[in-house]
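Participant: Residue numbers (the working numbering), protein chains in the order written: chain A, 1 to 319; chain B, 1001 to 1262; chain C, 2001 to 2259.
Keep in mind that the hints are not guaranteed to be accurate.
Said to hold, decoys possible - Simulated DEER-style distance windows between Cβ atoms: (1) C:Leu2021 <-> A:His14: 36 to 46 Å; (2) C:Arg2083 <-> A:Gly186: 32 to 42 Å; (3) A:Glu119 <-> C:Pro2022: 51 to 61 Å; (4) B:Gln1178 <-> A:Ala258: 13 to 23 Å; (5) C:Met2101 <-> A:Lys71: 15 to 25 Å.
No lab work stands behind these hints, which were simulated from the structure alone.
Given the structure is predicted, the values throughout are model-derived calculations rather than measurements.
For each residue, glycine too, the CB sits at the ideal point set by N, CA and C.
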Amino acid sequence: MNNAPIIAEQLARHFGDVKAVDGINLTVNQGEIFGFLGPNGAGKSTAVRMLTTLLRPTSGTARVAGYDVVKQADEVRRNIGVALQDAAIDPLMTGYELLELQAVLYGIAATKMKQRANELLERVGLTAAADRRVATYSGGMRRRLDLALSLIHQPAVLFLDEPTTGLDPMSRLTLWEEVRRLNREGTTVMLTTQYLEEADQLADRIAIIDHGKIVREGKPSELKRSVGDPTLLINVSREHSDAARSVLARFGDMRPTAEGTLGVGLRGGAERVAEVVRALDEAKLVVEHLELNQPSLDDVFAEATGYRLEGADNAPQAG
Amino acid sequence: MRRKPADTVRQFVALSRRSTLAIFRQPALVGPSLIFPLFFAALGSSSFSRAISLPGFPKVDSYLQFTLAGTVTQGVLFGSVTGAAALATDIEEGFFDRLLAAPTSRTSILFGRLAGSSLFGALQALIFLLALLPFGVTVQAGLLGYVSIVVAGFITAFAVGALMSVVALKTGSAEAVQGTFPVLFILLFLSSAFFPRETMSGAYRHIADFNPISYMVEGQRSLSIDGVSLVAITQTLVIPAGIAVLTTMLALRQLSVRLAAR
Amino acid sequence: MSTGRSVGILAARSIRNIRRLPSAFFPALAMPIFNMVVFAGTFFAVTKIPGFPTDRSINWYMPLGIMMGAAFAGVGLGFTTIRDIETGFYDRLRMSPTSRMSLVIGPLMGTLTRVVMMTTVVIAIGIALGARFSGGVLGVLCLYIAALGLSTIGAGWGLGLAFIFKDMRGAAIMQLSIFLVMFLSSAQVPLNVMDGWLHTVARVNPATNILRLARVGLVNESNVDHLSFGAVWGGLLAILLMGGLSLGFALRQLRKLSN
């Protein structure tokens, strides 16, 4: 009944006592870009390694492209493309040689190999660099080559494991554009990332994984709405801080913010901002700065896990 | 800046202590230089038991007796690479610069570093002498012979350590120092450490005749097989001491090159 | 058919790296030459021991150099595989639908090509230094077979350890174990010349049989170990048996890599 390209049921992987992935259920639908979001060590890489046949589950099952990842590993391998974290490629080989190797390993006919490799090089803009050793490539070029490698056999399902970690904003945008294009052409994409921005920009649906468990799942817009009220942030001088806090607390629950800033989840939303300002004014409090933030994926993440995603703030902005 | 001699001594002692402790805290690094020579000695005692009656061999009871000096020298040569590699690691990790930034005497940095491996060289010699004792291998020259061989271990380790320090100071790379290891191995094999020169022939014999390691080993060998003689003690002690003077000069020069480049 | 192509391209990668990473191949070539020269020079007189099967020390130590080189070239495959595992490149190979057998056999073919090159160079230098084949072409062939067989055993062992340890700890065990197995054999002197504990160990060490096979074409024609079925079958059997075991070990560990 369910022929979604990725289905995981109670999928778990333990390393000794550590439950790296602790029984996750997951469905990725045909034609979706699915974002798998979590900090380092949350279990997302372990989950992806199981879905891509690199690691056997301790318990539970997973079907990818219609095949069981344990019992039909070779069928799964034939139908998925995987771009690995850190673009794991042999620096001594040239881009073309790597494509050739990949083509042979995936059983692409010798007669079609050259044409296919050239198409892909063209597609990721590496035609000119094809005969250079990978050691001379920039980070962005490596990722693009990695992507080309994962596409050699025109897979129905594409796994991208942190595809833009460490890339500059320009390279990141190029890669995002390519992923969107692939998706328009019908490829189902599962993307793991620790960048909220990336998940927000690309993913139709996302799942947040923390301590081996999926803690939220849904469309980004729905998830953001579910967090509820926007956050009103104000700055007042230090001596007025306590007085301002008691005023704000009347309008909603106080929220964790950066040092020196007060934040409140504003019940009733934007229309009540004027009311807050009047109340602060009546209390003779001088507001130095005020802003209203609509909920972001970061808020969703904080609400789901109790902490903010490290590194999300200093991720290069590319929007 | 002038330094008081007393300070230099104190700095030397402190740095020696550090380098000595460093050696004993890295059993994985120094272990092989104790085990491999003994392994080869054991191998030789079985393989070459019938070789000792060949013409050119001195009169000995066992190959083990013959190879004692070779075993000691082999162990000390390999062990001394460790100390110099540690110096290169100091340079790599910036500890060396920290020492230079402090008003530490320049030579005490070098000699302090070498003190550890020199002591270890003496200890190795002692360990090999004791380890072979249960197999009936004794030093005929008695206490004087034992002491001479242990002292030779100290000097040899110092000499080789200084030579390796030249590489360490020049390259600042522990890997480069480890990389010179095969060179020591070749030098050792191109000597009379394992078979007498008298049994060799052709070009190989000529090389062994020129190799100072041959004479160093033969001095120790004579102490262990024949007993006390002035020639044997001279060969045992003066040859490594001469090499030590030479390599120390090279190391000090390389140190000042490094200092000037700062 | 597709397995054959995979084997071919993985072998090609390994062979290409001889040129691209000469710093890795050079020591693999220098070590056997060096071993041959210093052993033959230092133990020059060893052939004068009564019962020694040849009167040229280079005849005895040239095969030793080659066999040490072959064994280390074999475990060298373990080294490069550890590097591939560490960079993540090996994940890429494992994720491909090609047969697991070709992931082992392909790189092995590359290693064997290196061993053929090394053996050829060392034989040429050995002959220049005075080595003489008493067993003619067949004797040369036996030396090649022994070298290829031993490096296959080493490769299986090295790969298996690489898959178990996945980092350079595995490399230390590879080197040490090969070193011990090679020296606790008839490496330095023949069985009939050695005494005591080593004789006991070397007699049952399969490396002794393989070394005998390597030397059949270089010992005196009158010696029992000269080219004959009796002198070669032990080595061939050891290669088949140990080679099969070690490759099986590698394949099993490769499959367990996903556990």
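Participant: Would you mind marking each hint as holding or not holding in the structure?
Facilitator: Structure-based check of all given hints:
1. Hint check: Leu2021 (chain C) to His14 (chain A), Cβ distance near 39 Å, so the stated range 36 to 46 Å holds.
2. The hinted window of 32 to 42 Å between Arg2083 (chain C) and Gly186 (chain A) holds, with their beta carbons roughly 37 Å apart.
3. Remark: the range hint 51 to 61 Å for Glu119 (chain A) to Pro2022 (chain C) is contradicted by a beta-carbon distance near 34 Å.
4. Between Gln1178 (chain B) and Ala258 (chain A) the beta carbon distance is about 50 Å. The supplied range of 13 to 23 Å is therefore violated.
5. A C-beta distance of roughly 19 Å is found between Met2101 (chain C) and Lys71 (chain A), which places it inside the suggested range of 15 to 25 Å.
The earlier numbered hints that this structure contradicts are 3, 4.
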